[in-house]
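Trainee: Each chain is listed here by its residues.
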Amino acid sequence: MSIVVMKFGGTSVKTKEARTASALRVVSATEQGLKPVVVVSAIGRKGEPYATDTLISFLRDMEPDVEPEPRELDLLMGCGEILSSVVFAHTLKALGHAAISLRGGQAGIRTDGNYGNARILGINPLGVQEALHRGLIPVVCGFQGVWIQGGLPGAEMTTLGRGGSDTTAAGLGAALQADRVEIYTDVDGVKTADPDYVPGAPTLRQVTYSEVAEIAHLGAHVLHPRAAEIGMNFGIPLWVKNTFSDDPGTEVVAESQATGRKVTGVTHTGKLVAFSVDVTILDESDRASFAATVFQILSDHRVSLYMVSRGPSGFGFATRREQSPVVRAVLDALVIPVASGSVAVCQIGGSKSDAVRTQARLVERTGEPTIVPFQVVEGCTMVSVVGRDYMRQPGVFLNIMGILVREQIQVFQTSDSESSLSCLVPESELRRAVAALHEGLGLAEAG
Amino acid sequence: MTHPGSPSSQPFRREHARPEEGARAAETKFERERGIDRVEVRKGYATVSVGPFAEPLEQARLDVLRRVAMQQVSVDYLKLDGPRMSFVVAESDLQSLATALEGLEHQSRSGRSVVAIHAANMRDEEGLIAKTISQVMLTGDEVDHIGDMHDRVIFVLDAATADRVRLEVGGRE
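Quick note, the sequences are listed as chains E and Y, same order.
The working numbering puts the first sequence at residues 1 to 447.
The working numbering puts the second sequence at residues 1 to 173.
Heads up, a few of these hints could be off.
[As the list claims (entries may be wrong)] Computed Cβ-Cβ distance ranges for the label pairs, DEER-style:
1. Y:R109 to E:S2: 35 to 41 Å
2. Y:A98 to E:S256: 34 to 40 Å
3. Y:L167 to E:R45: 30 to 36 Å
4. E:Q149 to Y:G82: 53 to 59 Å
5. E:F58 to Y:D63: 57 to 63 Å
6. Y:E33 to E:E31: 40 to 46 Å
[As the list claims (entries may be wrong)] Some chain Y residues flagged as far from chain E (calculated, every beta-carbon gap over 10 Å):
7. E33
8. A46
9. E55
10. A69
11. V73
12. K79
13. D81
14. Q95
15. A98
16. L101
17. G103
18. E126
19. A130
20. R164
21. L167
22. V169
Hint data in this document are derived by calculation from the structure and do not stem from the laboratory.
No residue lacks a Cβ here, since even glycine has one placed at the ideal position from N, Cα and C.
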């Protein structure tokens with residue numbers, strides 16, 4: 001029995017027409033002699049009536065000053081996928097195919113007790129297998145699991161966090177030893193660049209698990225890294241396909257199966273704010289502890305960092321724009337005792353805020369404080385080139401920086417790893433930067 | 001096909017049977033524990049700082065990169081640092097690098113290591129990258145470079161400190 005796990009995202013189940021198109025893909029799989037196992041996300045995206053964010057807003061708006069309990073939020077969010085799975089099973093029934101909707105727990109997905117971001121501990125897919133055995137098409141709620149607490153009756157519903165439905169699909173694929181897992185969305189597969197920025201950007205026919213995870217890490221969300229990791233660990237072939245077209249899509253494969261290609265694509269993050277600080281103002285012996293304290297504070301406030309840099313004169317980092325107020329609030333006027341016995345007071349921007357002046361006055365009695373200003377660059381974004389073999393070759397930086405300099409695009413900072421090279425550029429130049437790199441690296445002929 | 005009770009060659013896969021064989025499914029173990037799970041140290045690198053440059057900086061930087069590329073030297077972890085730039089090369093390339101940078105003001109520090117601290121899905125674990133950096137900074141040694149990937153944070157630092165980082169930051173190796 002060849003099992004195929006077919007996951008349909010929010011846009012693929014959003015309307016009756018979309019659900020029918022998705023369901024017909026499932027019917028087609030059965031006609032090819034496959035046993036489809038369907039995984040669905042909640043219906044629609046933010047702002048639409050049954051989307052996960054809409055359900056959360058429903059609760060939060062009721063009592064804006066009261067933070068909902070994570071357990072209650074998980075129960076509420078799980079409703080989106082339950083509704084979606086029931087509707088999808090009903091759509092299949094209307095097309096003449098018997099189907100059964102299953103919650104994550106009924107599909108055997110067991111997690112830890114971390115509400116809102118649960119980790120899958122194990123999957124026993126007996127419920128799914130029984131459904132298949134009875135000739136039913138299982139329609140599993142993505143994003144959900146259950147936490148089985150020792151000594152307590154029943155099981156607690158948990159949700160898997162970002163990319164949860166992709167993770168459900170990959171996990172079920174592994175547990176069922178499926179022939180493949182197909183992730184259906186509204187684009188043809190993994191593109192060499194965002195088609196909004198590079199119209200006609202080709203669809204890659206093959207990427208590696210690691211490449212697709214890195215692309216997601218750097219801003220493009222085609223397949224979640226957790227799903228890629230499961231696919232890689234269990235050797236499950238993953239496909240990214242378009243519900244609404246017959247394009248063959250992108251196959252995600254192991255490194256050993258990948259065919260030669262130097263550059264995978266150009267990707268970009270959303271809006272970033274860059275912070276940098278010159279620490280030469282501090283004694284040399286104080287610089288490491290100062291930096292360690294700043295990063296610890298950022299960690300305590302769950303700030304997600306991009307483009308961290310460290311040089312002889314200081315360090316820098318970027319954050320998503322929505323996290324920038326948190327960074328400003330926690331760092332401005334922050335007093336950091338340093339190893340030499342004096343104190344440093346952090347200042348955000350070029351001038352002292354009232355809080356910085358007040359703190360400096362308060363700590364004066366312990367000695368003259370050192371004001372350490374952080375420079376802030378608003379309106380940045382990160383454009384990245386992802387490539388499997390390319391980054392190890394001499395001349396990569398020259399090539400990429402050369403393209404951007406020729407286009408007179410300012411580069412604030414760079415960051416690279418074994419499989420990517422990123423440049424922090426003005427947000428206003430993003431479109432030109434993506435297009436120039438795509439063109440300059442010959443990606444129009446990729447695919 | 002893997003049968004219940006048979007050994008499995010894949011580390012994550014638990015044996016189980018498909019339903020037509022009449023066997024009940026067993027549980028398959030899944031995602032890695034969150035947080036740091038491995039620290040990897042690679043030795044034999046040098047940090048190079050070039051500059052200060054005169055304006056225009058962009059052309060001066062490109063000139064350095066062109067010279068280095070012409071000597072077939074692979075550059076990693078490039079950082080722009082005001083009128084200077086720094087990067088990391090393999091120690092074995094230092095001779096070629098000296099040829100490439102002849103006539104330019106530069107310093108190199110050999111005996112550096114690349115330390116990769118691995119953790120699954122780092123971007124979604126908010127605060128984890130910052131926490132890892134803070135932990136490494138607290139080892140007290142000067143860190144030349146910091147970078148990140150989807151599953152690791154990368155540091156370039158003194159080779160002697162690298163082993164201490166491995167011990168202190170640890171993980172579940």
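Trainee: Take the hints in turn and mark each one as holding or not.
Mentor: A quick look at each hint next to the structure:
A hinted range of 35 to 41 Å for the beta carbons of R109 of chain Y and S2 of chain E is inconsistent with their spacing of about 57 Å. Against the hinted window of 34 to 40 Å, the Cβ-Cβ separation of A98 of chain Y and S256 of chain E comes to about 38 Å, which satisfies the hint. Separated by about 46 Å at the C-beta atoms, L167 of chain Y and R45 of chain E break the suggested range of 30 to 36 Å. Look at Q149 of chain E against G82 of chain Y: about 55 Å separates their beta carbons, and that is inside 53 to 59 Å.
In this structure the hint that F58 of chain E and D63 of chain Y lie 57 to 63 Å apart at CB holds, the actual value being about 59 Å. Taking 40 to 46 Å as the suggested C-beta distance range, the pair E33 of chain Y and E31 of chain E conforms, at roughly 42 Å. Non-interface status of E33 of chain Y relative to chain E is broken: a Cβ of that chain comes within 10 Å, the nearest being about 7 Å off. For A46 of chain Y, the condition that its CB be more than 10 Å from all CB atoms of chain E holds, with the nearest at approximately 15 Å.
Every CB of chain E lies more than 10 Å from the CB of E55 of chain Y, the least distance being 14 Å, so the non-interface label holds. The claim that A69 of chain Y is not at the interface with chain E is violated, since a C-beta of that chain comes within 10 Å of its own (minimum 4 Å). A beta-carbon of chain E is positioned within 10 Å of the beta-carbon of V73 of chain Y; the least distance is around 6 Å. Chain E draws K79 of chain Y into its interface by the beta-carbon criterion, the shortest separation being 5 Å against a cut-off of 10 Å.
Once the 10 Å rule is applied to beta carbons, D81 of chain Y is inconsistent with being away from chain E; the minimum gap is 4 Å. The beta carbon of Q95 of chain Y is kept farther than 10 Å from every beta carbon of chain E, the shortest such distance being approximately 15 Å. Taking the minimum C-beta to C-beta distance to chain E, about 16 Å, the non-interface status of A98 of chain Y holds against the 10 Å cut. Remark: the non-interface label on L101 of chain Y is consistent with the geometry, its nearest Cβ contact in chain E lying 14 Å away (cut-off 10 Å).
With a closest Cβ-Cβ approach of about 18 Å to chain E, G103 of chain Y is found to remain outside the 10 Å limit, as its non-interface label requires. With a cut of 10 Å on Cβ distances, E126 of chain Y falls inside the contact zone with chain E, its closest approach being about 4 Å. A Cβ of chain E approaches the Cβ of A130 of chain Y within 10 Å, the least distance being about 4 Å, so the stated non-interface status is violated. With a least beta-carbon separation of about 13 Å from chain E, R164 of chain Y lies farther than 10 Å from that chain, consistent with its non-interface assignment.
For L167 of chain Y, the shortest C-beta to C-beta distance to chain E comes to about 17 Å, beyond the 10 Å cut-off, and the non-interface label holds. For V169 of chain Y, the non-interface assignment is confirmed: its Cβ lies about 12 Å from the closest Cβ of chain E, beyond the 10 Å cut-off.
Of the numbered hints given earlier, the model fails hints 1, 3, 7, 10, 11, 12, 13, 18, 19; all others are met.
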